[in-house]
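A.B. asks: Following the hints, complete the assembly by docking chains B, C and D onto the known chain A.
Here is how the chains run, residue by residue.
There are 4 protein chains.
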Amino acid sequence: MSGNSFGKLFSVSTFGESHGPAIGCVIDGCPPGLPLSEADIQPELDRRRPGTSRHVTQRQEPDRVEILSGVYEGVTTGTPIALLIRNEDQRSKDYGNIADSFRPGHADYTYWHKYGVRDPRGGGRSSARLTAPVVGAGAIAKKWLLQQYGTVFKGCMSQLGDIAVPFESWEHVHNNPFFAASADAALIARMEDAMDELRRAGDSIGARIDVVAQNVPVGLGQPIYDKLDADIAFAMMGINAVKGVEIGAGFRSVEQKGSEHGDELTPDGFIGNNAGGVLGGISTGQDIAVSIAIKPTSSIRTPRRSIDKDGKPVTVETFGRHDPCVGIRATPIAEAMLALVLIDHALMHRAQCGDVRVHTPRIA
Amino acid sequence: MSGNSFGKLFSVSTFGESHGPAIGCVIDGCPPGLPLSEADIQPELDRRRPGTSRHVTQRQEPDRVEILSGVYEGVTTGTPIALLIRNEDQRSKDYGNIADSFRPGHADYTYWHKYGVRDPRGGGRSSARLTAPVVGAGAIAKKWLLQQYGTVFKGCMSQLGDIAVPFESWEHVHNNPFFAASADAALIARMEDAMDELRRAGDSIGARIDVVAQNVPVGLGQPIYDKLDADIAFAMMGINAVKGVEIGAGFRSVEQKGSEHGDELTPDGFIGNNAGGVLGGISTGQDIAVSIAIKPTSSIRTPRRSIDKDGKPVTVETFGRHDPCVGIRATPIAEAMLALVLIDHALMHRAQCGDVRVHTPRIA
Amino acid sequence: MSGNSFGKLFSVSTFGESHGPAIGCVIDGCPPGLPLSEADIQPELDRRRPGTSRHVTQRQEPDRVEILSGVYEGVTTGTPIALLIRNEDQRSKDYGNIADSFRPGHADYTYWHKYGVRDPRGGGRSSARLTAPVVGAGAIAKKWLLQQYGTVFKGCMSQLGDIAVPFESWEHVHNNPFFAASADAALIARMEDAMDELRRAGDSIGARIDVVAQNVPVGLGQPIYDKLDADIAFAMMGINAVKGVEIGAGFRSVEQKGSEHGDELTPDGFIGNNAGGVLGGISTGQDIAVSIAIKPTSSIRTPRRSIDKDGKPVTVETFGRHDPCVGIRATPIAEAMLALVLIDHALMHRAQCGDVRVHTPRIA
Amino acid sequence: MSGNSFGKLFSVSTFGESHGPAIGCVIDGCPPGLPLSEADIQPELDRRRPGTSRHVTQRQEPDRVEILSGVYEGVTTGTPIALLIRNEDQRSKDYGNIADSFRPGHADYTYWHKYGVRDPRGGGRSSARLTAPVVGAGAIAKKWLLQQYGTVFKGCMSQLGDIAVPFESWEHVHNNPFFAASADAALIARMEDAMDELRRAGDSIGARIDVVAQNVPVGLGQPIYDKLDADIAFAMMGINAVKGVEIGAGFRSVEQKGSEHGDELTPDGFIGNNAGGVLGGISTGQDIAVSIAIKPTSSIRTPRRSIDKDGKPVTVETFGRHDPCVGIRATPIAEAMLALVLIDHALMHRAQCGDVRVHTPRIA
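Going down the list, the sequences are from chains A, B, C and D.
For the first sequence, the working numbering gives the first residue as 111, with consecutive numbering after it.
For the second sequence, the working numbering gives the first residue as 111, with consecutive numbering after it.
For the third sequence, the working numbering gives the first residue as 111, with consecutive numbering after it.
For the fourth sequence, the working numbering gives the first residue as 111, with consecutive numbering after it.
Next comes chain A alone, as it looks inside the complex (with noise of 0.2 Å):
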């Protein structure tokens, strides 16, 4: 509850430092009797890890999940779920230049005026390692909502720093470096230029990445105030560097005309989902669509003004191994945090309401 805990019901507690011993964490009320071992969960943190291509960060991390508790022969017993992944590739003096500095954009400052300490090694807490314990949690949250419901998460960049990315079909998301949902290999090559560019010129990008979760529930969400789609802008806003998020129509909806705006219903289901799936904060069972806006790396090479912590001015630049696009590697953190929000839900809905009452509904 202090802070480092996600999710009520389904509760995810992490710990740990970009270059301490380990990072992980504790998983308390997933449901008992979930078939679960590590293979469940290592090809969503393969997903996530660093070094997968030139357009990350190469520090070469295996991030090798151990189930530490809450498993008995092969299945989950309804206690606590810990895991815990070793860091192996730290080079904290990649990192000794920036200990008595802040860089530009980055939690360095933030965390020294809270705290009044500060582990400066790789960001310490403040790194988007930390999010692969939370992605290792989402694997199980992932598996335990398509036993139960049938749902499934996907998700892609649709733009990267000023080129959009149409959507063509899901598909295509693994077929190349960027989680684009396309075929278009003129794209990928653009893509591929503009990257190989800002990591020249030492500077990075933002991106935005689109998921949706499919075959959700009906009736999943507390309507005042821990609405679903509250939630969700609560988890996407977690996630390191998202500035930005969108349920459904987002912001676009500011231009729209209440009888262009709302989602007909036939008796076959909804037509369109402007609503992205959240009518007053609980579940419509259409898709539930959120796209969120990440900012570009503050950890770049071009020189910056700044401070250190005497307050004194100086010039800040960034060496180590840093993602120039850390939108890169967000669709799997994105789909994740998702999927524990959805769990979550479905946990509370279930402890006031009893079993899910509408299922499926057929969409037009």
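No wet-lab data here; the hints were simulated from the structure.
This one's a predicted model, so the numbers in the text were calculated from it and none came from an experiment.
Accuracy of the hints is not assured; some may be wrong.
The list treats identical chains as one, so a pair stands whether inside a single copy or across any two.
DSSO-like, lysine-lysine: derived pairs with alpha carbons at most 27 Å apart [to be verified]:
| # | residue 1 | residue 2 |
| --- | --- | --- |
| 1 | K264 | K422 |
| 2 | K419 | K367 |
| 3 | K422 | K367 |
| 4 | K264 | K419 |
| 5 | K253 | K264 |
C.D. replies: Relative to chain A, chains B, C and D alone:
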């Protein structure tokens, strides 16, 4: 913890339905010793209440607040503060026609499927009327934050449908019926015309609202995952009809480079505010800057296709008294939600780290 | 979450002071579809209310409850249920003499030092009057548990000062002013004499109360650390004036051998109930059996040494209307608290494990 | 929040099973700036660990603790502190015979019916081994409370079966294998004989443990319902095998008169401590005095009647390595739980009321 409370340490538990006997809330965790009376709360409720111009619902609710507890001889005692607002102008018959069918874009459908029972009078608990208790609680939060840190809250409408409202000065916000930070009479007239036209057409429109908090202490926020910005996103997305939330540069971050986005620091403070006052989930001392997208009201006179409880096709037209743009009254609500997030994090910070270390950094 | 809420999933947030305008609570998480009206709640409040015999405080409070929300057409809707009880017979002048000094054994001293401000009228929030909203909430919990599982709650006074009250039958509890499970007229007369003597002497006395829940499903409780028995201990020790809690054999366990204490099992059920219905923090299906020690009232006419706010020695005599044995009215309170714990764990169980597997095991 | 976390602001989430790969916990909310290393924690674990005398289980567990996070250069950083203890001496075969039947007085029965699946090795999660992580967390709480307020914790066994152990002095506690606060060699010998006899007989026995906290600030506790004493009762009843909890005079209060029970105040402090350091749910500055009843171990060699999973009658005899009196090792556990309650309330107090007002009142 069951869904109707907001905040962990300054915790607001609301109750009530649009046409029930009363609405209100219990505020738990207010620091003792704060001078407080109804006169501190009523003005904020008056900013939000219906019937103040022809552009909002004509329901006549005085929204008179009564403090039931937690205050002794004009000072808070540290015990729960209960706020009670009696409903006075319920015309339940206005809503009889929608008791058995679902308005497109409205929570009718989801409440019904979640609970199997629904109070259809005026939208029941899904009514925007339920933001009143939160505005009341927010008034208390604002008073404490002002006294403690000098924090102030400001908000305005920055877009109405396709009409952008350029920011001129906060002083204009209360001189027009739209919370526009503009003294441009032609612009205000254009907004009035647009609203009149919508009302005639029986339609509704969306809006964008901006809110800021100034003089925020450095260091508020629990970095993962109860980040300050995550909680702001939760609070804002939890306001009725909100579909998008941005902090600082928001979705503009997608196209920014790192060398452009990261706010540089000088001994005199930050240069710029792409961060929106939050880095790594912790406040920087810059203004907290938030922008939200509000969808058009779903209760409109325009006939629309829908279904009834039995899944049969119906045509729905909503009569009764509704805001043609719920965004108009959203500004004080968004300010209140932001204040509630900040006081909660201020208390949380005090718990773990003791008194605030850095209060008002000079901002360049 | 800030201290004035009870329960996680059936969460009761109370408010009010003894001599403020009103007391009450917000109940969040009640399952929808439960038939409910004030008539379900009032009888439980009447069992607890003052003025029912000469052995309890003569304050005349009708304790009339009003449901403000969460019920539509006689059925709970799943939204928060607010209960309001107006205070009617406050005579604040009765308490004026203790506004600046501290009654020995009373919360005066601690409230003052904690908050730096204190509502001294009738004990303010520390008054036993604040158990009324909880009894109201407990009535709803009882109704749901009865409907869902057939669970029933019973309680009695088993000791008044040094007078032991041997258990005969639950049917006698409502036939005497002490909640004694006895039809022994001589014993009841002895209790009446003892109380009359105390009242004359301006003194007070302690009591022991036993409560049981019957027909409890097997499996309720989160084993470490939200154990069912831990939450029962929390609930019971939270009742005003309680200084000790036992489950099952309680302190008799200290002298028991393992071969004597562990309740053997047969195909027909458990033999004995040293466990008090809980093993490893989870309900067994045996009766939940709890016993509590209630200290003597601290507000007595007998002069006692104390200090005032400035630390100066004073003599304190408390006039006004007080219960000479707060234990007398504690039985319905303890039942209510037990019901609140059980419904919370029933909902929590349903969240994680789905519907109850084993309902009513046969008990030998 | 799902049941395996303890504390709201200094929140300890534990994980692990008796015979799984590891046990441990994540401590969330520890204030930054506290000097900390494994050397602060290991001594408390050593006081609790098995194998230290012939009167406790002979399982050989070094209980070596590793800090995985939250500490940088020997100082806490304010981020979560993860503690890991690998299990080393699991002999799962010892327990094979009870995998399909239920030990009388043991959690076997309830875990099975709750979850439908159970880790039977060494009692799985219901093992007293799971108190080790809590003792580790308690060591950190103790260190902070000592540094901040001078608070110290002491505990002893005051009764072993029917052998009362009169309190002489805290200094004796560590000079005998029973945590007896006595230097009476004859008494200790009698206790040793009693234990030897029990072990030969294959039986077990209960015990009473007393713990106190000294130098506790005035004002800790949220009066209704997160009372300090309610949380202490929760914490104590949550320790394995505890069946009763008393604060101060406890069950002796039943026979006390008000004129006897209420601790009088003088300018030099309180006279007596019937309150046990808590009035109205808030600490008084007197010693916090708690007494608990611990039932006899349920795993005994003596044959007992039970049933198997199919409800068939069986005879159960438990072999393996068990404590014949779990009370012996309970003293450090009870101290740790008390420390965890106090730090949580200290932080909660700081959140709402700022720094402690009255620290160490002189006690007469």
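A.B. asks: Does each hint hold? Answer for all of them.
C.D. replies: Here's how the hints hold up against the structure:
1. Taking the closest pair of Cα atoms, K264 and K422 never come within 27 Å of each other, the shortest separation being 47 Å inside a single copy and 32 Å across copies.
2. Taking the shortest Cα distances, K419 and K367 sit within 27 Å of each other only across copies (26 Å), while inside one copy they are farther apart (51 Å).
3. For a Cα distance limit of 27 Å, the shortest separation of K422 from K367 across copies, 26 Å, qualifies, whereas the shortest one inside one copy, 52 Å, does not.
4. Taking the shortest alpha-carbon separations for K264 and K419, neither the intra-copy value of 43 Å nor the inter-copy value of 32 Å comes in at or below 27 Å.
5. Taking identical chains as interchangeable, the C-alpha atoms of K253 and K264 lie at most 27 Å apart only when both belong to the same chain, with a minimum of 14 Å there against 44 Å between chains.
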